[in-house]
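Chemist: Sequence:
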Amino acid sequence: MNRTLTRFALIALALALPLNACETPPPAQKLPEITFAHLPPIKLNVATVEVVVRYRPPMKAPNVEHLFPTPPLKALRTWAADRVKAVGRSGKAEFVIDVASVVEQPLQKKSGFTATFTKQQEARYDLLIEASIEVADGLKHDRAVARASRFFTTREDVTLIQRDRIWFDETEKLMAEFNAEMQRNVQQFLGAWIR
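Under my numbering, read the sequence shown as residues -16 to 178, first letter to last.
Hints are supplied without guarantee of correctness; some may be wrong.
With a straight-line Cα cutoff of 30 Å, these simulated DSBU-like cross-link-like pairs (lysine-lysine) come out [stated by the list, open to error]:
no., residue 1, residue 2
1, K68, K156
2, K13, K156
3, K75, K93
4, K26, K93
5, K156, K57
6, K123, K43
7, K43, K13
8, K43, K93
9, K75, K26
10, K26, K123
11, K102, K68
Read the hints as simulated data drawn from the structure, not as lab findings.
With the hints as extra help, turn the sequences into a complete structure.
Modeler: Below, the structure written as structure tokens:
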């Protein structure tokens, strides 16, 4: 009886040890949506507005935009839906997305005794977006282009939750820059189309 009980305990222990090694996933983080609905719409004297996506995310390294909580491509689509409105009877506007990329570049870390006790920057992220509003009615064709870029680095000790928050914040800043530039360029180059 004692021998059977000992074997049973050893088997149970052997089965339980691998379960201890399993790591629970980090808690999900609920980040807000990036939206532009709080801003006044850009009302264009056209009948329709269409979003045209020319950028195709590679979905592989070094590009990481598809891993972002709000990928730049999604943020640009939201910008177009929230800001660009058709209020005319004829003509067409296209919001054309040419670039919406994030490229991750691993950074070289220092080695040696002091580097062991220093938190170093691990990766650099280069964000770039470019889009245009093109308006035509058969007689004339006008275009306003905006481009925004940013870069930032992350430390080697950043958690996945912290990283996602940083990615979200940087996307929000990138879109604020894009919005400001597009607003200026719409006024300058599409003034005749604004209602």
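Chemist: Would you mind marking each hint as holding or not holding in the structure?
Modeler: Here is how each hint holds up against the structure:
1. K68 with K156: holds (23 Å)
2. K13 with K156: holds (19 Å)
3. K75 with K93: This hinted pair is violated, its Cα atoms lying about 55 Å apart.
4. K26 with K93: violated (53 Å)
5. K156 with K57: Answer holds: K156 to K57 is near 15 Å, not above 30 Å.
6. K123 with K43: Violated - the C-alpha atoms of K43 and K123 are around 40 Å apart, more than 30 Å.
7. K43 with K13: holds (25 Å)
8. K43 with K93: holds (27 Å)
9. K75 with K26: holds (12 Å)
10. K26 with K123: Holds. K26 to K123 sits at ~18 Å (cutoff 30 Å).
11. K102 with K68: Violated. K102 to K68 sits at ~48 Å, over the 30 Å cutoff.
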